[in-house]
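Novice: Going line by line, the protein sequences match chains A and B.
Using the UniProt record's numbering, read the first sequence as starting at 1 and increasing by one per residue.
Using the UniProt record's numbering, read the second sequence as starting at 1 and increasing by one per residue.
Hints were generated in silico from the structure; no laboratory data involved.
Treat each hint with caution, since some may be false.
[What the hints assert, rightly or not] For the chain A half of the interface with chain B, some residues (derived, Cβ under 8 Å), not all of them:
no. : residue
1   : Ser50
2   : Asp186
3   : Ala191
4   : Leu220
5   : Gln252
6   : Leu254
7   : Ala257
8   : Val266
9   : Phe270
These figures come from a predicted structure and were not determined experimentally.
For each residue, glycine too, the CB sits at the ideal point set by N, CA and C.
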Amino acid sequence: MSAPILEVQSLRKYFPVRNLWKRRVGWLRALDDVSFAVQPGEILGIVGESGCGKSTLGKTLMGIHTATQGRILFQDQDIAPLKPHQSRKFRQHLQYCYQDPGASLDPRWTIRASLHEPLIVHTDLGEAEREARVREILAAVGLPETHLDLYPHEISGGQQRRVGLARILTLKPSVVILDEPTSGLDVSVQATILKLFLSLQEQFGLTYLFVSHDLSVVRLICDRVAVMYLGRIVEIGETAQVFATPRHPYTQSLLAAIPKIGGARVTDTFALEGEPPSPTNLPSGCRFRTRCPKAQPLCAEKDPALRADWPRQEAACHFAE
Amino acid sequence: MESDLITVRDLRVAFASDAGLAKVLDGVSCSIRPGEIRGLVGESGCGKTTLARAILGILPQNSARIQGGQVLFGGRDLLTVAEGTLAREVRGREIAYIPQDPSTAFNPVFTIGTQIADLMHWKSPLLRDPSFKGNARARREADLARVVEWLRLVQLPNPEALLRKYPHEVSGGQRQRLMIAMALLPEPKLVIADEPTTALDVTVQAQILKLLKGLARERNVAVLFTTHDLGAAYEICDRITVMYAGQEVEEAPVAEFFNRPSHPYTRKLLDSLPSAETGLRGIPGEIPRLIDPPPGCRFNPRCERATAICQQRPAPEQVGPGHSVRCHHRLTEFAA
């Protein structure tokens, strides 16, 4: 295995919970001791239900949130404690793609102006060089050059999305964090966008962190997948392994909850009760134990760590087999 | 059919906009039998929500134009019934509604108990019970007992305490359970559930679908379940209607629907589901603008099988029991 392109070590992000008088009454542990490494050229899926901390993870990596504790190693440098102006030169290689990248276009700017802007901020290329780069990227996302002089409202939503992607790619990033890139899309459009992600990855040698709650999509496009529950990675491994033999009871329930057309109906078989507890008030020991069908007294006492007991797969459970 | 609970016949609805009239429903027909769970699937913008709202009579009054058609329910055409009668006798009483986003459906400044009490004040089935006539207090007490019983039925823990809480104090899944209870409390004959699980996580979605299906079966309530998620439709529906750009294109029992999709659009929609076998297949092109839609079958610009005849809208054709399709070039061969 080559050196990881991005490595996260015991990353923690706590948000203070304040009462009416702005007094801190507790911590919301959005990320609690998260560690993983991303290899160059791989697509790592990060899945979990809402509130599990997957978006916080993406934003903390980007420096949108400052980490409470832990290290983020990118290009042999710990970028977690850097001030925004110090991390700027790293951040052009680490890009963040919002749910709908098209929505972040300025409605009063032409597509050309929007695409030039990141290059003006981050590079000292001349106008002609910038224009050449912009045209190259625009072709890569499958848009005609005539679109450069249009305004966002003149093109369709799908095309806006492509422009948003182009804007991220003009800086030639090495890692792109995709935050729920397909939620809110219809299935027929979703396939087209996913194909675009895959072709761009090949063309530009990108590494993706694919944050999503849609397991069927993750299964198709990710090389490895990390499952998060209440701020912690409970299982991580190769996608095929995790989907074929989920080890953690939470992963098992999550996979069991996806409707399978033609298969047994989930409404007849699904057994998981309850909803996740509040992240401000976590249960002792294993945080899944309040809903876990396998919970034992040990689970309340000891917080399980990730165990690498299986080939290319790790799970944080005392009783996983 | 006489036995149908509700029949929508050739419904046309347009919305006025700055750019012109958007023809959102273009002659939609469908009927629901008593006790049936009917899926209404299609992509965003296909008119699912407009159809649901037209049935309930809650289309936005200043922009929506009903241009024709009928909604037959209980022997009358709901489109011609006066608004007051509709509000008093039908909406929330005979036809209830479960919204997509349970977090915006509650009023944040009143407790859940107050809001349910208000619902029961107007829509309680006990209002029809002559033994409570003139005795509002006894009715309220009987209603409260029923409310608590229903909150237990939708598996909400500690119902009495819950009634004193505010909507923000309960989770999204619990709010959706409350919505289901509130929709079913007036004992309606039809519940319109508009994407009830879209805002929820998969594990909660599985719980809610299970609950909704169980209660509807038990009480023999018909459900019109709109969704863009074919997996969710597979889970709970008896029959499925597919809509595309304001036209219904195919209607089939659930097994037929997934095994023998006969309309090219249905086929492509099923193929575009991400799966390990088929990989990623989208539908080329985009949905048409509803202000100047293509004539005839609105799928024809994106359809490989389209010919000149597709400029005219095909009539529904029966291809099996309960299975009808509107296509001039329907599929006849199916993968095993």
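Novice: If a hint holds in the structure, say so; if it does not, say that too.
Specialist: Each hint, compared with the structure:
no.	hint	in the structure
1	Ser50	holds, 6 Å
2	Asp186	holds, 4 Å
3	Ala191	holds, 3 Å
4	Leu220	holds, 5 Å
5	Gln252	violated, 11 Å
6	Leu254	holds, 6 Å
7	Ala257	holds, 4 Å
8	Val266	holds, 5 Å
9	Phe270	holds, 4 Å
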